[in-house]
Amino acid sequence: MARVVVDVMLKPEILDPQGQAVQRALPRLGFEGISDVRQGKRFELEVDGPVDDAALARIHDLAESFLANTVIEDFTVKVESADVVAEASK
Amino acid sequence: MSRTPLDTVEHAAETPDVELPWAELGLKKDEYERVVEILGRRPTGAELAMYSVMWSEHCSYKSSKVHLRQFGEKAPESDAMLVGIGENAGVVDVGQGYAVTFKVESHNHPSYVEPYQGAATGVGGIVRDIIAMGARPVAVVDPLRFGAADHPDTKRVLPGVVAGIGGYGNCLGLPNIGGEVVFDACYQGNPLVNAGAIGVMRHEDIHLAKASGAGNKVILYGARTGGDGIGGASILASETFDDAKPSKRPAVQVGDPFQEKLLIECTLEAFQEKLVVGIQDLGAAGLSCATSELASNGSGGMRVTLDDVPLRDSTLSPEEILMSESQERMCAVVEPGKVDRFLEICEKWDVIATVIGEVTDGDRLEIYWHGGKIVDVDPRTVAHEGPVYERPYARPSWQDELQADDANKLPRPQTSDELKDQVLKLVGSPNQASKQWITQQYDHFVQGNTVLAQPEDSGMIRVDEETGLGVAIATDGNGRYAKLDPYTGAQLALAEAYRNVATTGAKPLAVSDCLNFGSPEDPAVMWQFAEAVRGLADGCLQLGTPVTGGNVSLYNQTGEAAIHPTPVVAVLGVIDDVARRTPVAFQEEGQLLYLLGDTREEFGGSAWSQVIHDHLGGLPPKVDLDRERLLGEILISASRDGMIDSAHDLSDGGLVQAVVESALLGGKGARLVVPDGLDAFTFLFSESAGRAVVAVPRSEEVRFNDMCGARGLPATRIGVVDGDAVEVQGEFTLPLTELREAHEATIPGLLA
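Protein sequence lines, in the order shown, are assigned to chains A and B. Per my numbering, the very first residue in the first sequence carries number 1; after that it's consecutive. Per my numbering, the very first residue in the second sequence carries number 1001; after that it's consecutive.
Simulated from the structure, these hints should not be mistaken for laboratory data. Possibly wrong hints are sitting among the right ones.
[Said to hold, decoys possible] With a straight-line Cα cutoff of 30 angstroms, these simulated DSSO-like cross-link-like pairs (lysine-lysine) come out:
1) K11(A) - K1155(B)
2) K1210(B) - K1373(B)
3) K1261(B) - K1274(B)
4) K1065(B) - K1155(B)
5) K1210(B) - K1420(B)
6) K11(A) - K1274(B)
7) K1029(B) - K1074(B)
8) K41(A) - K1074(B)
9) K1029(B) - K1062(B)
10) K11(A) - K78(A)
11) K41(A) - K1155(B)
12) K1373(B) - K1074(B)
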């Protein structure tokens, strides 16, 4: 079993009210030096079977049609190896 | 990396032969030539950006202007009108020192591309129009039209639109009190998302969009400017600058309702302290629009330093800054001595505010960037003296055939069972079914002043807690009627909204409209538009309700197929005491049901012809505006004098639809008798205009009848509120449980 991660971010030109709210809170909390914050979504998909090109194409499809709203969001798909997953879950 | 020099006014004068992408920005050749003629040289990139957006159909009304003039020319005398067409929104006197501003606008195209944000920013835009007049927004309404209810794309668009309206409006704390939801295949690729808002102020608080007084400062406040909604300007950007920057700009804007809420409070506080000379919200065409309109409505010129505009994205070019449609921004003109206080208020509300320029004693709008003058124009040529087209229009060749296809000849139900079956089908059809699943996603009661909200005939808001003064608003439109006859269709929309306001007991005062049509370059569409405007202007004159402003949305078409012509009309009314309002729901068993008005065999464009026969043809119901006025007066008097306990206007779906709705809302049935001279089918399904059903307490029957008789309004006793079924004597009995299932299950079944 492998884990595939889909990161969804608002396109750079699109207003991100949440990110802005975080950014504006930072100085109030004493964290200086952060000029911008953009907030996105991370999906971790546990994939049955091998993560081959066909599986990735399917994931790309589902990300494009369901996880991301491609009118205003970009997404990236990356594979995390099974070993890394095991390591992380310890 | 080579960078072309800044395209300043000087540079433009020295390089007359530089080719500019005017066509890509939507200008026609003769329009571009006119710009060159006005300026006496080629425009700079920034000037071209301004002219192209301000001369667009959306901002300049270039195709519709020649027709819209009728709203002014035929405006009825009205003491109520305080501010008319041309300002951000019209203002109407509602008495006791209060004024009300209201307007309806479209956000159709953005809502199709990105339903949630498109609809949300539509609400944001109309609310800013209201605050720009100096009023506190108190309610919103949303007339919506989607493709076929069972089409898969409707399931994408509708939930997004509804969530966007709900999300934005609820965050602002504004009750959503009215509107419509209509399904028709003609809106499949062009859903209509119209948004209306009402605001209340004291007379002395009215503010106008003008920049006067040399030396006064121009302050931009609200959100930072980003690359929102400037698809077109990117062409200029990539032409003018190097290719390294992101050139693909999304046409979608994302709204931030919490920022807008701050903007409302901050603006109203500045008004209260009388800090503002003139004000304009930034909507379509952004800064181009705000600066040129403020300057041309005032007495002087204006000088703006674009470098001072707070940016969200530092790579924006000056052209993009001028065209950006970033949401939640306003522009105020403030006397120098009051600037500090204005900025303090903004800071208190956590709103970014920056002085970007000042009013000059000249007559030019000058804009600077990195020290160079990139715009030097007469603002009037940008804002007001855009092209005006007398587009050719012609009655479409298919109109006669359509009207000849008489709906009155459609096969009618032959037996009582068939009649009953058709009643169930009608009240359960997507257009006639309960829209509760949709409207309950909006907050109706926030602020605690909502007196009536959907599914009442009109929304009603209490304006003054002490006296009970209130305002009512209804929005209506029927594209099917308008397709059959745009002149009559527009008047029917007006008549229905007028009737809906009167039915709740409020006196109709003024009108706003949102005119949704196909491409003005199609003479058939242009004819529909011209006819609808003529009909509406004539109708408003006759009813004594002036048009205070509105919006035109053209190009609602996919390929050759235009939407039905859809004039949506909002009528605003006033009621002295909201405690005297009349609800739709049946209140008490034993009360007598009266049908007011005349019922004729009128089925053209009717809900029955659509639901049972999927038919559109013939002529729409006749309009008699004097009758509408009389009916309105009777309904208002009856409500004021306590002669009726419930009332419902008759429109699409006819009498049976109205009675079923009143019964279901009140949880009380009705026994109906078909009056002499009518057959049961016509009685139940006809859509003759100028009618309402009222429930009269027995103790008031004589008084009510006397009033109708004296005023010459036909009033026919048709039954009584009774039991837990709707019974049509001699025909059928439908238990409320069965009606409720049919009426309320449809929309959740399709969309949930």
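Here's how the hints hold up against the structure:
Between K11(A) and K1155(B), the direct Cα distance comes to roughly 25 angstroms. Compliance with the 30 angstroms bound is thereby established for this hinted pair. Taken as a hint, the K1210(B) and K1373(B) pair is honoured in the structure, with Cα atoms around 23 angstroms apart against an allowance of 30 angstroms. Proximity of K1261(B) to K1274(B) is assessed by CA-CA distance (about 20 angstroms); at most 30 angstroms being required, the pair is judged to hold. Between K1065(B) and K1155(B) the alpha-carbon distance is near 36 angstroms, which puts this suggested pair outside the 30 angstroms criterion.
Taking the CA atoms of K1210(B) and K1420(B), the gap is near 60 angstroms; set against the 30 angstroms cutoff, the hint is violated. Taking the CA atoms of K11(A) and K1274(B), the gap is about 40 angstroms. The hint is violated against a cut of 30 angstroms. The suggested pairing of K1029(B) with K1074(B) is violated, with an alpha-carbon distance near 35 angstroms, which exceeds 30 angstroms. Taken as a hint, the K41(A) and K1074(B) pair is broken in the structure, with Cα atoms around 55 angstroms apart against an allowance of 30 angstroms.
Pair hint K1029(B) plus K1062(B) holds up; C-alpha atoms about 15 angstroms apart against a cutoff of 30 angstroms. Pair hint K11(A) plus K78(A) holds up; C-alpha atoms about 18 angstroms apart against a cutoff of 30 angstroms. As the CA atoms of K41(A) and K1155(B) are separated by approximately 24 angstroms, the hinted pair is consistent with the 30 angstroms bound. Between the alpha carbons of K1373(B) and K1074(B) the distance comes to roughly 44 angstroms, so the proposed pair goes past 30 angstroms and is violated.
This entry does not satisfy hints 4, 5, 6, 7, 8 and 12, going by the numbered hints stated previously.
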